[in-house]
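**Q** Put together the whole structure using the sequences plus the hints.
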Amino acid sequence: MLTEFHDALKDPAAYGKRLKEESGRKVVGYFCSYTPEEMIYAAGAHPFRLFGTGDGIHLADAHFQSYCCSLVRGALEGALAGRFDFLDGVVFPHTCDSIQRLSDVWRVNMHGHFHLDVVLPVKLNTESAKTYMTDVLEKFRSDLEIKLGASISEDDLKKAVRTFNDIRGSLKRLYELKSENPGVVSGADLYAVVKASMIMDRDRVVRVLPGVIRELEKRRGTGEGEEGKRLVLAGGICNHPDVYRVIEEAGGVVVWDDLCTGSRYFEGLMEGSGSAIADLAGHYLARPVCPAKHSGLYSRAERLVEIVKEKRAAGVVFFFLKFCDPHAFDYPYLKKALDEAGIPSMVLEVEDRLPSEVQLMTRFETFVHMI
Amino acid sequence: MPQVLLYLLAKVKKLILHLKKQKKMKEIMTVYYMEAKSAGVGGRKVAWITSGGPVEPLIAMDVIPVYPENHGAMIGASKMGVGLCETAESMGYSPDLCSYARSDIACATVNGGPIGGLPRPDMLVCCNNICGTVLKWYEVQARYFDVPLFILDTPFCHVGFAEEAKRYVRKQLDEYINFLEKVCRKKMDHDRMKEVGKLSLEGQRLWQAVLDTTANRPAPMSAFDAFYHLALIVTLRGTPVVVEYYAQLLAKMKDRVVKGIGAVPNEKYRLLWDNIPIWPRTRWLSQKFAAHDACLVADTYTSAWCGTMKYIDENNFFDSMAEAYTRIYLNIGVDEMSRIVVGMVDKYQVDGIVMHSNRSCKPYSLGQYDIQRIVEKERGIPSLMIEADMVDERSFSESQVATRIDAFMEVIKQRKS
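Line by line, the protein sequences give chains C and E. Each residue of the first sequence is one higher than the last, beginning at 2 in the working numbering. Each residue of the second sequence is one higher than the last, beginning at 13 in the working numbering.
Rather than coming from a laboratory, the hints here were simulated on the basis of the structure. Backbone N, C-alpha and C define an ideal beta-carbon position, used for all residues, glycine too.
Partner residues are not named here, just some residues of chain C that face chain E (Cβ under 10 Å, in silico): (1) ALA63; (2) VAL73; (3) SER99; (4) LEU121; (5) THR132; (6) TYR133; (7) PHE324; (8) PHE330; (9) LYS336; (10) LYS337.
So these bits of chain E aren't anywhere near chain C, every CB distance computed over 10 Å: (11) TYR45; (12) GLY319; (13) ASN328; (14) ASP331; (15) GLY355; (16) GLN361; (17) GLY392; (18) PHE408; (19) VAL413.
**A** Have a look at this one:
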């Protein structure tokens with residue numbers, strides 16, 4: 002049942018190419034969970050999230066220093082190696098300093114597809130930021146219309162809002178099932194479903210997910226007794242499905258996360274406010290915030306503690322990409338908030354590859370035994 | 013008035029008197045820091061503000077602006093960076109984070125560093141036109157000091173300044189004034205704001221004129237001198253003391269030009285510096301290049317505080333600030349940055365570029381390789397990339413850098429002969 006998701010992730014570019022050939026639709030690559038992918042979908046094109054590569058990075062070394070994160074270096078590597086040649090365009094949302102410069106370097110070096118920046122507000126909790134967010138979305142709409150030679154009607158947008166609400170709602174339901182009965186699906190499988198949902202044909206995803214939910218609902222009660230120590234994974238992007246397996250083998254189980262390839266992506270449904278653009282703006286302003294954006298001084302810590310309590314987790318594993326400044330800056334205050342709430346935590350920092358499995362296992366085992 | 017405050021006031025006065033006999037810059041800066049540290053005594057508020065932030069409204073509201081980045085530079089220059097960075101690391105901050113932020117965050121908790129810590133802020137003003145790091149840094153300090161934080165969000169200008177961004181920033185300037193009025197519990201005097209705006213622009217013009225004098229051969233001052241004289245345009249922009257100081261400095265530089273006095277005694281080679289200085293090593297670098305008869309005549313860093321004058325409307329400073337503060341050097345795309353660098357290569361007739369690949373500063377450093385390539389292609393001049401950090405000396409290898417500078421200067425010399 003989950004083979005389809007795993008297959009898409011095995012070689013995302015091959016999936017994208019095939020989808021393009023078979024559907025005849027244009028494929029638009031994008032970065033970060035802040036790109037309003039709904040707009041790309043509404044324009045009749047296929048939104049395709051780009052991740053870094055775990056493979057050797059060589060070509061990108063001519064453009065980015067070693068202290069740039071592997072997501073940015075790996076993405077540029079993919080582009081320079083021609084792996085993204087099938088894309089009709091690439092969208093860069095404004096998030097962190099590194100993605101910002103990735104856009105510049107990409108624009109200067111990559112040709113053959115269109116290039117769009119969506120310069121979102123950094124501050125999200127003011128009226129003027131809300132107005133600006135709406136303006137930026139309108140601009141993105143007209144930019145896309147020009148670049149794709151398409152028109153995006155209100156009905157197109159409304160359909161997109163419905164589709165992505167359904168996808169996100171289903172992903173959330175899967176997370177809930179996992180959290181209630183960790184045995185129903187492995188962490189690596191769930192990870193594959195969420196991540197593949199950012200790559201695969203969304204019309205397909207929205208149809209398939211309810212079946213996955215039904216299947217997991219059926220499995221409830223069968224995995225009793227296998228439950229490990231309940232953990233929350235917190236950080237930025239997770240490109241390493243093996244982490245889930247090693248955690249499980251070490252006696253833990255990830256029952257929720259605060260990742261942009263996880264709950265930060267699917268939390269916050271778009272409300273029917275009358276206008277689809279207003280719905281979109283509302284979503285991107287109110288969804289769980291990435292540390293590169295600002296919506297209050299304590300919102301991230303409050304949310305993390307709340308997740309742990311609500312999901313009855315025993316501890317938090319911080320999973321950071323090396324050289325990711327926004328997350329590294331938030332770590333001491335998040336850790337303090339957890340300490341004050343009596344929640345144990347550990348931190349794991351990875352570059353493009355995971356540490357050796359033995360090392361990883363020892364660290365997780367030590368943590369699981371401690372809590 | 014409590015005894016301790018009277019004592020403090022007396023001490024400040026005594027120090028000011030003492031300093032009047034000393035060098036001008038040091039005097040101004042010391043008086044400034046003493047004033048800031050005793051601000052509470054005079055009932056004045058203190059605002060911490062980012063180096064690229066609009067300071068003029070603070071000056072107009074009689075608020076004392078304090079610059080954690082300038083503090084970071086002082087910490088670096090006094091070689092106290094490693095210790096403070098290590099303190100921050102023991103607090104959980106990654107050694108990969110900005111060393112200004114690390115040393116300042118650490119300094120706030122231990123009141124250490126070259127001036128015993130910065131005066132406690134009454135408010136924080138964070139403008140993200142220089143980086144996203146300042147947002148995180150100011151969030152940390154807003155939590156630590158529990159004071160109000162104003163964020164001026166200046167959308168990045170990859171290929172231009174969009175209309176909607178202009179409206180957004182302009183609107184936030186009103187919010188900024190509201191914020192100040194609320195914290196200071198008084199109204200903004202808009203006439204005073206106009207005066208401050210005029211003084212700011214005048215200060216910027218003079219600073220640019222000072223920098224322009226290095227187009228002469230020999231250059232009357234070097235980028236290393238500019239790093240020193242820069243402090244005033246950063247910290248006290250919009251006050252008369254800046255105008256006075258740079259007017260004097262300009263006269264001095266013009267005089268040196270007339271007399272043919274160069275910063276480097278036997279200037280043969282002219283270079284351009286890119287990125288924030290390596291503060292703990294400026295003297296060493298200056299001497300190293302001078303030993304090769306090379307003068308770093310200009311840089312992309314110190315000119316950032318006068319680089320957007322073309323967007324400022326002299327008669328409407330306040331409104332035009334929106335554009336001037338959004339389109340600064342670090343808030344634009346690498347292609348536009350390359351054009352500016354090419355312009356400086358021509359203006360200052362340089363033979364090569366020295367680029368500091370600064371681990372601490374991603375907006376300044378990521379993209380440097382492309383700028384290097386573009387400038388080399390367009391002007392055919394060589395460049396040197398030095399891997400280091402602006403404060404944290406652990407990222408500086410003297411022998412390696414020395415070898416690379418020697419090799420680079422060999423190339424420059426061969427090309428010129």
